[in-house]
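Q: Listed below, chain by chain, are the residues.
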Amino acid sequence: MDLTFLLMTLLKIVLICFVFAMILGAILTWGERKLSAVVQDRIGPNRASILGVTALGLMHPIADMLKAFTKEDFVPAGANRFLFAMAPMLAMVPPLVVFAVVPFGPGPDFVIAPLDTGVLFIFAIGGMGIYGATLGGWSSNNSFALLGSLRAAAQMISYEVSMGLNLVGIFMIFGTVSLSNIVLGQGQLLWGWLPMWGIVVQPVAFILFMTASMAENKRAPFDLPEGESEILGYNLEYSSMRFALFFLSEFVEIVVIAAMAATLFFGGWQIPWVDPQGTAGGWITVGQVAAFVGKVVFLCWVQLIIRWTLPRFRYDQVMALGWKYLLPLSLLNIVATAVVLAML
Amino acid sequence: MTAELLIFYFMAIMAVGGAVCVVLPPFGRNPLHAALALLVSFFFVAGIFVMLSAHLVAVLQILVYAGAVMVLFVFVVMLLNLKKDELKGARWTPWKVFGVGAGLVMFTKLALAVVVVTEGETPVNLAAEGFTGYGGIHDVGAALVTTYLLPFELTSILLLVAIIGAVLVARRQTGGAS
Amino acid sequence: MLGNGASLAYVIPEGILGVTVALVMALGSFKPTRTRGVLAAAGIAGMAAALAATAAGVSWPDGTVLAFHGNIVSDGMVAVFRLVFLLTGLLTIVFAYGSDEVDTRDFGDMTAMIAASVMGMCFMAAAADLLMMYLAMEFVGILSYVLAGLKREDQRSSEAALKYVIFGAASSGVALFGMSLLYGIAGDTSLAAVRAVLVGHGFEPLGLMALVMILAGLGYKMAAVPFHMWCPDVYQGAPTPITAFFSVAPKAAGFALTLRLMDLLLGGIDGDAGASLGHGLAVLIGLVSMATMTVGNLSALKQTSVKRLLAYSSIAHAGYLLMGVATIPAIMGPSPDYTGFRAVFFYLVIYLFMNLGAFLVVTRVVTRLGSDDVSAFRSLGRRSPLAAVVMAIFLFSLVGLPPTAGFAGKFYLFYAILSQGSAFFYILALVGVANSFISLFYYARIVRVMFLDKSPDTRPVPVGALAAVVLVILAIPTILFGIWFGPLVDLAGWVFI
Numbered sequence: 001m002d003l004t005f006l007l008m009t010l011l012k013i014v015l016i017c018f019v020f021a022m023i024l025g026a027i028l029t030w031g032e033r034k035l036s037a038v039v040q041d042r043i044g045p046n047r048a049s050i051l052g053v054t055a056l057g058l059m060h061p062i063a064d065m066l067k068a069f070t071k072e073d074f075v076p077a078g079a080n081r082f083l084f085a086m087a088p089m090l091a092m093v094p095p096l097v098v099f100a101v102v103p104f105g106p107g108p109d110f111v112i113a114p115l116d117t118g119v120l121f122i123f124a125i126g127g128m129g130i131y132g133a134t135l136g137g138w139s140s141n142n143s144f145a146l147l148g149s150l151r152a153a154a155q156m157i158s159y160e161v162s163m164g165l166n167l168v169g170i171f172m173i174f175g176t177v178s179l180s181n182i183v184l185g186q187g188q189l190l191w192g193w194l195p196m197w198g199i200v201v202q203p204v205a206f207i208l209f210m211t212a213s214m215a216e217n218k219r220a221p222f223d224l225p226e227g228e229s230e231i232l233g234y235n236l237e238y239s240s241m242r243f244a245l246f247f248l249s250e251f252v253e254i255v256v257i258a259a260m261a262a263t264l265f266f267g268g269w270q271i272p273w274v275d276p277q278g279t280a281g282g283w284i285t286v287g288q289v290a291a292f293v294g295k296v297v298f299l300c301w302v303q304l305i306i307r308w309t310l311p312r313f314r315y316d317q318v319m320a321l322g323w324k325y326l327l328p329l330s331l332l333n334i335v336a337t338a339v340v341l342a343m344l
Numbered sequence: 001m002t003a004e005l006l007i008f009y010f011m012a013i014m015a016v017g018g019a020v021c022v023v024l025p026p027f028g029r030n031p032l033h034a035a036l037a038l039l040v041s042f043f044f045v046a047g048i049f050v051m052l053s054a055h056l057v058a059v060l061q062i063l064v065y066a067g068a069v070m071v072l073f074v075f076v077v078m079l080l081n082l083k084k085d086e087l088k089g090a091r092w093t094p095w096k097v098f099g100v101g102a103g104l105v106m107f108t109k110l111a112l113a114v115v116v117v118t119e120g121e122t123p124v125n126l127a128a129e130g131f132t133g134y135g136g137i138h139d140v141g142a143a144l145v146t147t148y149l150l151p152f153e154l155t156s157i158l159l160l161v162a163i164i165g166a167v168l169v170a171r172r173q174t175g176g177a178s
Numbered sequence: 001m002l003g004n005g006a007s008l009a010y011v012i013p014e015g016i017l018g019v020t021v022a023l024v025m026a027l028g029s030f031k032p033t034r035t036r037g038v039l040a041a042a043g044i045a046g047m048a049a050a051l052a053a054t055a056a057g058v059s060w061p062d063g064t065v066l067a068f069h070g071n072i073v074s075d076g077m078v079a080v081f082r083l084v085f086l087l088t089g090l091l092t093i094v095f096a097y098g099s100d101e102v103d104t105r106d107f108g109d110m111t112a113m114i115a116a117s118v119m120g121m122c123f124m125a126a127a128a129d130l131l132m133m134y135l136a137m138e139f140v141g142i143l144s145y146v147l148a149g150l151k152r153e154d155q156r157s158s159e160a161a162l163k164y165v166i167f168g169a170a171s172s173g174v175a176l177f178g179m180s181l182l183y184g185i186a187g188d189t190s191l192a193a194v195r196a197v198l199v200g201h202g203f204e205p206l207g208l209m210a211l212v213m214i215l216a217g218l219g220y221k222m223a224a225v226p227f228h229m230w231c232p233d234v235y236q237g238a239p240t241p242i243t244a245f246f247s248v249a250p251k252a253a254g255f256a257l258t259l260r261l262m263d264l265l266l267g268g269i270d271g272d273a274g275a276s277l278g279h280g281l282a283v284l285i286g287l288v289s290m291a292t293m294t295v296g297n298l299s300a301l302k303q304t305s306v307k308r309l310l311a312y313s314s315i316a317h318a319g320y321l322l323m324g325v326a327t328i329p330a331i332m333g334p335s336p337d338y339t340g341f342r343a344v345f346f347y348l349v350i351y352l353f354m355n356l357g358a359f360l361v362v363t364r365v366v367t368r369l370g371s372d373d374v375s376a377f378r379s380l381g382r383r384s385p386l387a388a389v390v391m392a393i394f395l396f397s398l399v400g401l402p403p404t405a406g407f408a409g410k411f412y413l414f415y416a417i418l419s420q421g422s423a424f425f426y427i428l429a430l431v432g433v434a435n436s437f438i439s440l441f442y443y444a445r446i447v448r449v450m451f452l453d454k455s456p457d458t459r460p461v462p463v464g465a466l467a468a469v470v471l472v473i474l475a476i477p478t479i480l481f482g483i484w485f486g487p488l489v490d491l492a493g494w495v496f497i
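Chains as they are written, first to last, in the working numbering: chain A, 1 to 344; chain B, 1 to 178; chain C, 1 to 497.
Same shape as in the complex, but just chain A (with noise of 0.2 Å):
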C-alpha cells in the first residue's frame, strides 16, 4: 500500500471516470443532437456561442451546464427527502464505478482494478444502477412516478438476465472473465490471419448484447421508463441539477456499454496483426489507446443511430422481447457454443 500506488491509482480515476468518460457523456449529449438533425434533414442547436464563437453547436453542453445550475431546485410537498436526494447520485455512480476494470491499453498502467473477476463485478455494480431509477419515481410521492420507476424496475430486471447470459459465449471461448485477459485473447489469430475479436466468433451475442444493454439504459427503442414525449416517467418530478445527473448518467451509460462491447467484442486496444500481447512500448502504446478511444467513439454513434432510427416500444412489447424472445436465443447461443467448442 505504498503512496505512489495510490497516486498513480487516484490520477487513473480521474482520468478515466471523469476526464474520460463524463466529458464524453457531455459530447454524446450534443452528439445526440446534432446526429437527430442529420438524421432528421435538419441543422440542429448553433445558436449557442461564446464571444460569437458557435463552433457547430458544441458550446450547447456549456449551455445546458450553466442552466442546470441556475434553475430553482425543487423537492416536492411530502417526498421523501433523504431518498429524492439520494436517487440521482444512486443512478450516477454505478456507471462510473464499471470503469475501474476496463482496460484502455495495455499491461496493468492502463486499468484502475485488473480484477480476477472482472466481468462479474460490472454486472454486480450494474445491479446497483436499478436503485436510482426505482428509488427516484418513489421518493417523489407522485403516483405518475411511482409506476414510472416500477417500469423501470421491471425492464432492468428482465434485461439483467439476457445480458448476462450473452456473454457466457465469450466466457466459454476466452476462459476468462477477467477482461483484461479477454483482450488478450483477442489478439490470436483464427486460420493464421483472422484476429480472434468477439464479433467474429459471437457475432449472435453482440446483436443480443447490444440489444439487452440499450433496454438496460432505458434507452430508445425501449425509453418508455422515461416516456419523455409520451407518458409520464420516473424522473418528472426532478429539475435543474438533478434532472441533469439523471439526463448524464443515462449518457455515461451509454459510453460503459460501448467500453464494454469494444472491450469484450472489438478486441479493447489490440489493432489488428500489431503487437496481440501488447508489449510494445512507445508510440504503438499511444496507438493501442487511441484505438480502444476511437471503438468506444464508434460504438457510441451506433447506439446513437439507433436510437433515432426506431420507433419506441410499447411496454408489453419490450417485456415480451425480453423474456419471451432475448433469453431463449441467448440460451441457444451458450449451448450452440458449448457444441462448437466440443467439436473443436
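Wrong hints could be hidden among the right ones.
[What the hints assert, rightly or not] Straight-line alpha carbon distances no greater than 27 Å define the calculated DSS-like cross-link-like pairs of lysine-lysine that follow:
hint, chain 1, residue 1, chain 2, residue 2
1, B, K96, B, K83
2, B, K96, C, K163
3, B, K83, C, K163
4, B, K96, B, K109
5, A, K324, C, K31
6, C, K454, C, K302
7, A, K71, A, K34
8, C, K302, C, K163
9, A, K67, A, K34
[Stated by the list, open to error] Residues from chain B that face chain A, not an exhaustive set, calculated with beta carbons under 10 Å:
hint, residue
10, A12
11, M14
12, A15
13, G17
14, L32
15, F44
16, A46
17, I48
18, V64
19, F75
20, N81
21, I137
In short, the hints are calculated from the structure, not lab data.
Beta carbons are placed, not taken as given, at the ideal position from N, Cα and C, and that holds for glycine.
Using the hints, position chains B and C against chain A.
A: For chains B and C alone, coordinates are given in the frame of chain A:
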C-alpha cells in the same frame, strides 16, 4: 491498530448497524427504509468477504443479494405503497420483551463461546504460499463442479420447482374439480 | 469416498423421481394430456417405478458408501426410508385424485411438487455434509410452503402457507446459523470433519450451542414443542390430501435427518468429550419429547375440528418418536446399540399406515359432507360402515391398543428406552404411557360419535370404489403388523447396521 483492522471495524459496524436498523425504530418503521438498511448491510458484508480473500463470493453477494434479492424486496414494497397511517404503531408486548431478553442472552453466550474457543488460535496468513488464487473464481468454480457437484445440481432443480411453485401460487383460481 | 460418476448408481430412485417431475410437467403443458387421470397416472407410475426399484435392491448397498465426494451416504437406512417417503407420496396422489380440494388445473403442478419433495426427502435421509443437509431441508421446506397454499381462494389455506413460510424461514435461519458455527470450528462442511473436532476437542460450549440450534431447526420439521406452533394451522388450512402428506413424509424426513446427524456425529465414538455431549443431548431431547407428547395430547382434547385434532395428535406422535431419538447414549461407545433408532423407523412405518388411513377417511368425509367438524362424523357407522370401521381401527391403532400395529410400535419404543436403564428414561417411559392413556379419550370420542351418536342427516356417505380399496389396503397392515411384526423388525434392522 493496522489500517486493515480499522477498515474491518468500519465495515463490521456498518454491516451490523445496517442489520440493526432493519428492525429498530425509527428506520424499521418504514418498510422501504428497512429494505435499504439491509442493502447497506449486504454491501459491507461483501466488503468483509473481500478482506477474507473471498473475492468471488463478495462479487456474488452484491450481484445476487444486493442486486437481485433486494431489488425484488424494494419492488414489492413500492408496489404495496403503504401510507404512514396504514403502518401500525409499535406496541411492547410481554412476549417481545421476553424475546429481546432471550436474544441478548443468546448473543452474550455465543460471543463468550466464540471467545473461549478461539483463544490462542492464530489467524491464517492468506499472503503465504499456497494461498494464491484462494477464493478466486477458478478455485471456487473448480470446487463447485467436482466436490460440490451434487448440491450444485440439486440447487438448480430447487430453483426450478420454486419457480413452478411461485407461478402456481400467483396464478388465479378457476373452477372446482372436474 | 466415491467420485461423481461412480455415485450415480446410488441415486437411481431419486433420478427416477426427477424424470417423473419432468414428465408430469411436460404432460401438464399440453391441453389433451392435462387431465386428472393422465397426470395422476404419470405421477403414480413414476413413484411406483422408484418404489419397485428400491424394493428390488437398486441403490441399496450392504454396507455404508460415502458418495459424491462425501456429500451423501448411501446405506440400508436411506433405502428403507425411501420406501416410507415413496409410499406416502404415492398414496397422497391417490388421495388427491379423488378429492375436490385440489383443482384439476393445479393437479399437474401438485403432482410434480410432491415428486420433487419426495426426492428432497430422500436426500435428507442421506445427507452427510452440512451443505447437503441444509439444501435438502430447504428443498422439502419450500415445496411444502407452496403445497400448503394450494387452495388459493380459501383464506385458511393462504394463512397456512404464510405461517409455514415465516416459521420455516426463521427456523431454517437458526439451523443455518448453527451449521455455520460448526463449519467455523471444523474448517470443513463434511460431518466427518465436524465429528473429528467435536469428539477430539469437545469444543464445548460452542459445539453444543451449534448443535442445539440445528436441532431447533430440525425440531420445527418434526413439529416438536416448542417449535410446533405452525402445525395445527397449517394442517387445518392445507387441502386434506396435502395434510396427509405433511403429517407423515416431512416428519419422517426430519426424523431421518436427525437420526443420520446423531449417528454421523456420535455413533460409536469413544472418549469423554463426545460422551458428555451425547448425554446432554439425550436429556435435552428427552425433555423435548415429554413436552411434545404432553402438549400435543392435552391440546387435542378440546378440538372440534378433526383435522386440527389429528394435527395435535401428530405432534404427540412426534413426541413418542423423539423418545426413540433420545436413546443417544446407547449408540456411543465401542459396540453401539441402535435399538432406539430402529424403533423410530418401526413406528414411522406403522404411523404411515394408520395416519394416512385416518386422513383418507377425513378426506372422503370433507369431500362428501363439506366439513371436517366432529359433528360431521355422526352416525358414520350407519351411513358408511366401511369408512367408520377402518377409521375405528386407525384410531385405536393411534392410541396404541393391542392387537393393532400401534401397540407394537409403542411397545418397541418403550422397550428401547427402558433398556437404557437410567432413571431419566424410566420417567420418560412413564410420561409416554400416561400420554397414551390421555390420547384414548379424544380418539375414542370420534369412535363414539361415529357409532353411537344420531345424526339428523341420514343419507349414506358413499366412499367410492378407489378409496374403499385404498382404505382396506391401509387397514390390513395396521392390524397385521400388530400381530406379525417380524418382517418389519427385519426391515428396521437395516437402520444403521
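Q: Look at each hint and say if it fits the structure.
A: Hints, one by one, checked against the model:
{"no.": "1", "hint": "B:K96 with B:K83", "verdict": "holds, 25 Å"}
{"no.": "2", "hint": "B:K96 with C:K163", "verdict": "holds, 18 Å"}
{"no.": "3", "hint": "B:K83 with C:K163", "verdict": "holds, 25 Å"}
{"no.": "4", "hint": "B:K96 with B:K109", "verdict": "holds, 20 Å"}
{"no.": "5", "hint": "A:K324 with C:K31", "verdict": "holds, 21 Å"}
{"no.": "6", "hint": "C:K454 with C:K302", "verdict": "holds, 21 Å"}
{"no.": "7", "hint": "A:K71 with A:K34", "verdict": "holds, 24 Å"}
{"no.": "8", "hint": "C:K302 with C:K163", "verdict": "holds, 22 Å"}
{"no.": "9", "hint": "A:K67 with A:K34", "verdict": "holds, 19 Å"}
{"no.": "10", "hint": "A12", "verdict": "violated, 20 Å"}
{"no.": "11", "hint": "M14", "verdict": "violated, 16 Å"}
{"no.": "12", "hint": "A15", "verdict": "violated, 17 Å"}
{"no.": "13", "hint": "G17", "verdict": "violated, 16 Å"}
{"no.": "14", "hint": "L32", "verdict": "holds, 7 Å"}
{"no.": "15", "hint": "F44", "verdict": "violated, 14 Å"}
{"no.": "16", "hint": "A46", "verdict": "holds, 9 Å"}
{"no.": "17", "hint": "I48", "verdict": "violated, 16 Å"}
{"no.": "18", "hint": "V64", "verdict": "holds, 9 Å"}
{"no.": "19", "hint": "F75", "verdict": "holds, 5 Å"}
{"no.": "20", "hint": "N81", "verdict": "holds, 7 Å"}
{"no.": "21", "hint": "I137", "verdict": "holds, 5 Å"}
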